[in-house]
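Chains A and B, in that order, give the protein sequences. Mind the numbering: the first sequence is residues 1 to 286 in full-length UniProt numbering, read in order. Mind the numbering: the second sequence is residues 1 to 286 in full-length UniProt numbering, read in order.
Simulated from the structure, these hints should not be mistaken for lab results. Model, not experiment: these values are computed from the prediction. You may find that some hints are simply not true.
What the hints assert, rightly or not - Distance ranges between label pairs, derived from CB positions:
#1 Ile39/A to Glu252/B: 38 to 44 Å
#2 Arg77/B to Asp109/A: 34 to 40 Å
#3 Leu111/B to Ser267/A: 49 to 55 Å
What the hints assert, rightly or not - Calculated pairs, DSS-like style, for lysine-lysine (alpha carbon to alpha carbon, straight line, at most 30 Å):
#4 Lys104/A to Lys213/B
#5 Lys276/B to Lys213/A
#6 Lys143/A to Lys283/B
We put the beta carbon where it would ideally sit given N, CA and C, even for glycine.
Listed below are the residues making up each chain.
Protein chains: 2
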Amino acid sequence: MTTLNKELNITIVGLGVIGGSFAMALHDAGYRNLYGIDIDQATLDKAKAQQLIKEGYQDGKDILPQSDLVIFSLYPRLVHDFIVTHKHHFKPGSILTDATGVKKFFIEDILSVLPASIDFVFGHPMAGREKKGIDFASSSVYKNANYILTPLPSNKEENLAFMEALIMEMGFGRITRISADYHDEMIAFTSQLPHAIAVALVNSDVEGRETEKFTGDSYRELTRIAKINEELWSELFLENKEYLLKSIQTFEDQLDLIKAAIKNDDSVALKQLFIKSTKRREKFDR
Amino acid sequence: MTTLNKELNITIVGLGVIGGSFAMALHDAGYRNLYGIDIDQATLDKAKAQQLIKEGYQDGKDILPQSDLVIFSLYPRLVHDFIVTHKHHFKPGSILTDATGVKKFFIEDILSVLPASIDFVFGHPMAGREKKGIDFASSSVYKNANYILTPLPSNKEENLAFMEALIMEMGFGRITRISADYHDEMIAFTSQLPHAIAVALVNSDVEGRETEKFTGDSYRELTRIAKINEELWSELFLENKEYLLKSIQTFEDQLDLIKAAIKNDDSVALKQLFIKSTKRREKFDR
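Bound conformation, chain A alone (with noise of 0.2 Å):
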């Protein structure tokens, strides 16, 4: 395993949920030379205050030529934003990084814009909180997660070797690289379509009952995502919309297979799909 530079300059774009708990969990690795850009300079007082952050900038053209890495969690769309306005700051040879839940367009639109000097790892922590904020950022979240990376071919190997001890040192659990296109396509299955059904089981309920009487732990647990970021989500959703349409139809023919034996008072057929589930579902107990 790489031995890392404790010493690295790193600098995270938007100390959200997100970047706070990069900031937390790189704090907790060892490294102290950590930065901060936030628009927010209230956050930045708090990230500073708590110690996660050396220092904290609302403008990153101080900061990101001395800076060895760039972790930028940010809304999808902000990051090439973010590019454009600061290319000409970025230290020549250093690297990127991202969280963003989708890639594929998401990479064509940075990739656009990127100085060629810059080498851009793109990545995918696979845990989050349903939060918004510093407040709710959490290093225990990160604790044997899985790690999505999607490497290019431009990508040097040893910066591809570099994030991945980085991130074992987070403490994730498990590190896979794919392609960008697999990426959305599984996403689509493992998160976004999660993320629709609880949204469309809430939104669901017959106003004004009192429902919160009659849950048990299955309601709250299928629905916990339902408190969703409207502005981050709606993007995703709409930046992965053909994988999303595929695993929402493909939910729906299974659904469709239940109902069926409902309707036909088909116990046989109900038993053998709770089965079915039953061993799949098995599988994912670690």
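We have chain A; now place chain B onto it with these hints.
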């Protein structure tokens, strides 16, 4: 609040994950005259070895005549059969109760065979586990959970009050009295629909993908209950088919709104749906 007599003889019929959890919660609450009836001798031996019950029986005829309260935690149809077999063994004036997830059909079925001297207070603890058997029993799942009672016109108020006091002693957080019909309507939405969704979600995965490498908490949470007891849940689904089909339809209507917004690149409509679900879900945080 009623002070209950801890010397009462309480017999639990069916020492699976639910019955075992009742035994633990009653033991925690100070009851010691607890008895178990189960067809599986190993389960009875285990419950006795753990001191959850004083004695276990494969047949109910010896202990039922001395039981002040009998708690059924059996598959719905087996409760009916048990009462038919044992209707002359219940102690006159004793209370029966249950933990069954469907009520209207189930209650009609029971009332047709119940002796007049016995008061059956129908109830439903809104807490469970996705696993089977006494090894997974736990009184902690009941802490602060919801409990529903569906009183009959014939129930004695003192017996309803007794059950409510006992339920609170077991650690539940809230008890609501509603009709059997309203129970079934609500439970179709808060419990059965989430189970149908979880099963359909897991079954809609593409066979052979290494999905576990790409999941975050959302997918794992939404699918925990896809590990499902097929015997129990096929009964529950079919015995509540009308309300469940209606709940599935209402859910699909909401999913269609999300689909349409994605297809039309309508980020305004998507955001409105997300804002609605966020506001609704926030009410459930406790």
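Verification of the hints:
A hinted range of 38 to 44 Å for the beta carbons of isoleucine 39/A and glutamate 252/B is consistent with their spacing of about 40 Å. For arginine 77/B paired with aspartate 109/A, a C-beta distance near 59 Å fails the hint of 34 to 40 Å. Checked against the given bound of 49 to 55 Å, the beta carbons of leucine 111/B and serine 267/A, roughly 24 Å apart, lie outside it. Between lysine 104/A and lysine 213/B, the direct Cα distance comes to roughly 19 Å. Compliance with the 30 Å bound is thereby established for this hinted pair.
A distance of roughly 20 Å separates the Cα atoms of lysine 276/B and lysine 213/A; the hinted pair therefore holds under the 30 Å criterion. Between the alpha carbons of lysine 143/A and lysine 283/B the distance comes to roughly 29 Å, so the proposed pair stays at or under 30 Å and holds.
Checked against the numbered hints given earlier, this structure breaks hints 2, 3; the rest are met.
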